[in-house]
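Peer 1: One letter stands for each residue in the lines below.
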Amino acid sequence: MALLSRVADRIYWAGRYIERAEDSSRVVRSFGDMLADLPTADAAQWSTLRTVAGSDAGARVSDGSDEMAVVEFLLADPEHHNSVAKTVEFCRENLRTCREVLPREAWQTVNDLALYVRQNAATSLDRRKREAFLTRVINDSRRLDGVLISSMTRDEAFEMWRLGRYIERADMTTRVVGVRAATLLALPPGAVDEFAEVRWMSVLRSLSALQMYQRASRGSIQGPDVVRFLLFDHRFPRSVAGCLAEVRSSLLRLPANETTMQAIEAADRQLRDCRPAADDGVALDNALDGLQLSLIELNNAIADRYLQF
Amino acid sequence: MTLLDGLGMDELRERQAASDLEILTMGITFTVYSDGENIDRAWPFDVVPRLIAGTEWEQVERGLAQRLRALNMFIDDVYNDRRIVADGIFPNELLDDSVNYRPECQGVSPKFGVWAHISGSDLVRGGDGDFYVLEDNLRVPSGVSYVIENRGVAKRTFPELFQQRRVRPVDGYTDELNKLLSSLAPDGVAEPMIAVLTPGIFNSAYFEHSFLAQRMGAELVEGADLTVGDDDCVYMNTIQGPERVDVIYRRIDDLFLDPEVFLEDSMLGVPGLMRAWKAGNVGIANAPGAGVADDKCVYAWVPDMIRYYLDEEPLIKNVPTYRCMYESEREYVLANLHELVLKPANESGGYGILIGDRATPEELEAAAESVRADPRNWVAQPILELSTAPTLVEEGIEPRHLDLRPFVLTGEGSYVTAGGLTRVALTKGSLIVNSSQGGGSKDTWIIDGIADAEPLGTGSTTSAADPPPEPLSQTQSQQQGVS
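Each protein sequence line maps, in turn, to chains A and B. Sequential numbering from 27 applies to the first sequence in my numbering. Sequential numbering from -9 applies to the second sequence in my numbering.
Hints may contain errors.
Stated by the list, open to error - Chain A residues, not near chain B, derived (Cβ > 12 angstroms throughout):
#: 1; residue: D35
#: 2; residue: A62
#: 3; residue: A217
As the list claims (entries may be wrong) - Estimated spans, in silico, between C-beta atoms of each pair:
#: 4; chain 1: A; residue 1: R168; chain 2: B; residue 2: F192; range: 52 to 60 angstroms
#: 5; chain 1: B; residue 1: E384; chain 2: A; residue 2: A158; range: 44 to 52 angstroms
#: 6; chain 1: A; residue 1: D306; chain 2: B; residue 2: G219; range: 54 to 62 angstroms
Because the hints were derived from the structure by calculation, they are not lab data. Glycine is no exception: its CB is placed at the ideal position from the N, C-alpha and C atoms.
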């Protein structure tokens, strides 16, 4: 079965968009949970989510922006192309133009979600309704994966979908660790943050990693351990190492993969270089910048090799 | 409607609502261009099915297969020997100035002598109860995906009715289409690569292009996905590199197909496609140039074509058509314009049509002028009341006007869909069935074991049928693509 480059491009990006929508939803949810457990002064921190969601370019939300402004920006803003509403819509538009290569239920799932998001994104700003909205996005994103995993032939289109999802996921984990964990680790020596545990739990929750981390570490929550788990525990499917392993296995199944394999090797090297930095906030921040760049290079290598038409 | 008598009005409305929701969720849509924006609208579906008796339908099937056979022989003849002209049956001048005649196709002989492989003829039931062919759509007719989707929705809406009686299935169409397209592959290709060529997501029929590609396991391609190599073969750009394409089911107009030959600024087509086709390296359905027989003037000759090529009598009726190029017919038209429908021969989409009994004296006079100025470009037909069927509307179940578009496949053999796309005018008294203008659609059931499934008289006037003006429809003015 042949795969058109144009179709490959749309599927790859559909995977990235839906993963972005899911991940952003999870970050917003875990952040709200955390703030409920913290002193009220911390409410001003909503604006840090802007960076986590990879949307620092937007001038619409600034450092002093309040919860409503940030949440609207991240979830519902039609002008913001990384908002959940937009990324779901983009995913739908992309899959609408490659329905012939996907199982029909996949299209129906994303179409259904897009209809829901169109009707409900605005009401998700209300805290009481937000949880239902975020859960729906997260669940439908996983349902989409489920449909494909359980009923799609392992062809090249399927690998494109996986590449999109795992690169986006690696990107998000890198950003969560880079922004939130690095900040937590960078506290001045001797300073004690009595809410450190709450904050680290929130970091883990924003990647659906809390329970698996606790199981791996027998319950104790230590900053450097959390960082190591999220970066290097390849058994955990949202860790960067886990994501890169999945990317590698997909690249191996695609034709003429010399340049893309070089790019994944480079990303693996960057990840290894992060290892000594796991205890040091500043060093970690720098090392993760390098990792981010290597993910961009990886994306470009895939685009150059397969997605140009 | 004994069929639905068991259901109360509330129940029926509930089922309508359920089917509307399903259509929305499944993403069965058509695209409307409005206010500079493309809007993807849910497909309008009326839950009350239209019933046609199997015995009657077999008659229609034979008639359509015969008609398309003759039309294809005509097209092949036109681009080759023009025997029909030499034998004095058909006037040569109608060909050379037809906007759908493609001189570039002269001398080409596609497989089986077939050019219009896929057609969607528009039928109406006249006041005499018979089906008439209103027009033959031989270029890129659309709507068949909705026939299949409507059936899927109807089955889930009225599962009990499908248990009670045998409704002929419509699902087989895509398989037949796949077989037909495969048969057009260059000789020696065992497993042909088939591609559906679409103008893209902004086309009103994009849903259908995607649907057909899915159902056939074919590639859905846009012009930019294809290239023609120095070897005059067609290739598509895949992640593996160029891959040979053997058959193209094109859903774009002739003139956009190949910028080397037709419109040179076309972004939708593929440079060199005509070269590849003429060299026999790719099959194209429908063949370029097939539209030459899809002309309101040529239409008038179809019964003659059937007699000439097949030596048979037409099995399905043509609407009587007066050709203004002939003086006697023109005089009749000019004298009776107020009770005729006047159509320009080379326009489609209902443009330039005059309905005599609704026109002002000034309009009639202007139309008469146009006829005298360019007689070849005008034909006229009598006005006909078109039949109705019970339809669920705001007020309850009421008769509404409808038409029917069956799809005909012609290759080595022929295939006609069981039923077709029934389009219904949802506004009382309206004859406009187009979905973009508030028309709806119905599932069409071909049912065996009943005599007269579609009784006459439900709102249609039976005309006196006093020739020459035979019963005819006004919707011909509205006949165009599904959207």
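Peer 1: For the pair A:R168 and B:F192, does the Cβ-Cβ distance stay inside 52 to 60 angstroms?
Peer 2: Violated, at about 32 angstroms.
Peer 1: CB of B:E384 to CB of A:A158, is that within 44 to 52 angstroms?
Peer 2: 34 angstroms, violated
Peer 1: Grab the minimum beta-carbon distance between A:A217 and chain B and tell me whether it stays above 12 angstroms.
Peer 2: At roughly 52 angstroms from the nearest Cβ of chain B, A:A217 sits farther out than 12 angstroms, so the non-interface label holds.
Peer 1: Regarding A:D306 and B:G219, is the given constraint of 54 to 62 angstroms on their beta-carbon distance met?
Peer 2: Check passed, 58 angstroms falls within 54 to 62 angstroms.
Peer 1: Would you check whether the claim that A:D35 is not at the interface survives, using Cβ distances to chain B and the 12 angstroms cut-off?
Peer 2: 10 angstroms, violated
Peer 1: Holds or violated: is the Cβ of A:A62 farther than 12 angstroms from all Cβ atoms of chain B?
Peer 2: Given a closest Cβ separation of 35 angstroms, the condition holds.
Of the hints listed earlier, those the structure fails to meet are numbers 1, 4, 5, in rising order.
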